[in-house]
Amino acid sequence: MREDGDNNYELAIGAFDEPSRIGPLTEQVGVESRVSWIKGMHLLPEQTTPETRTPQDLAKLKSLQHPDHDTDHWP
Amino acid sequence: MRYAINGPLFNAHICHCRMCQKASGNLFAALAGVNKADLRWTRGEPAYFRSSSIVQRGFCPHCGTPLTFAYDHTLHMNISIGSLDNPALAKKENQYGIEGITPAFPALHELPGSRTEDDISAEDLQRLKSFQHPDHD
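Keeping their order, the protein sequence lines are chains A and B.
Residue numbers for the first sequence, in my numbering: 1 to 75.
Residue numbers for the second sequence, in my numbering: 1 to 137.
Certain hints may be false.
Computed, partial: chain A to chain B, Cβ under 7 Å [claimed, not checked]:
1. Gly30
2. Pro55
3. Ala59
4. Lys60
5. His73
Here are the simulated DSS-like pairs of lysine-lysine, each with C-alpha atoms no more than 25 Å apart in a straight line [stated by the list, open to error]:
6. A:Lys62 <-> B:Lys36
7. A:Lys39 <-> B:Lys36
8. B:Lys92 <-> B:Lys129
It should be emphasised that the hints constitute simulated quantities derived from the structure, not laboratory data.
A virtual CB, placed ideally from N, CA and C, is assigned to each residue, including glycine.
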């Protein structure tokens, strides 16, 4: 995201190779439209990906997204 | 881009898995289930990216908003909660893809907050006109 005339870009954190290394996050903006369930989100029941896929699906699952590193060729 | 859902939303959830992070550009994707037969595109059609061997993800071809997540052979699909006219209606029930959870996540709601009008100058605020579709037909 870049405002017209601004020298800086803002980059989507999920698009980094390692989102966990970005931070610490320091603020929330646009809170006028914040949805109420944000507050309890971290307390919701948790499941890992292998727990929510059939073994059949897991065996078939092959990501077609770019890996989190450079490659010589793509796709 | 507009769609209509004539049926229930179910299993609203967030997913922290790496694939959802990439597809949404975010720390997690927020999705709600809908029967494929209940969803109708009423203005424009999504573009699709086959993100894996078993899933296709739909997005707005003009602005990039993530819209759908669908397995090939199921009767239901998922719609992105942020694309609903009223995202607050989809009350979350589950967290998936916990293996990808980011350290920042649990305390997100405790970060200091500010309103849009407090962050931009009065001048900019006056000039600001959204080019996104409004939250109604």
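Hints versus structure:
The beta carbon of A:Gly30 is positioned within 7 Å of a beta carbon in chain B (closest approach about 5 Å), and the interface hint is therefore held. About 13 Å separates the beta-carbon of A:Pro55 from the nearest beta-carbon of chain B, more than 7 Å, and the hint is not met. A distance limit of 7 Å between C-beta atoms decides the matter here; for A:Ala59 the minimum to chain B is near 10 Å, and the interface restraint is violated. The closest approach between the C-beta of A:Lys60 and any C-beta of chain B is roughly 6 Å, which is under the 7 Å cut-off, so the hint is satisfied.
For A:His73, the suggested interface contact is broken, since its CB lies about 18 Å from the closest CB of chain B, more than 7 Å. A threshold of 25 Å between alpha carbons decides the hint, and for A:Lys62 with B:Lys36 the separation of about 24 Å falls inside it, so the pair holds. Of the pairs offered as hints, the one joining A:Lys39 and B:Lys36 is violated, with about 30 Å between alpha carbons and a cut-off of 25 Å exceeded. About 31 Å separates the Cα atoms of B:Lys92 and B:Lys129, which puts this hinted pair outside 25 Å; it is violated.
The earlier numbered hints that this structure contradicts are 2, 3, 5, 7 and 8.
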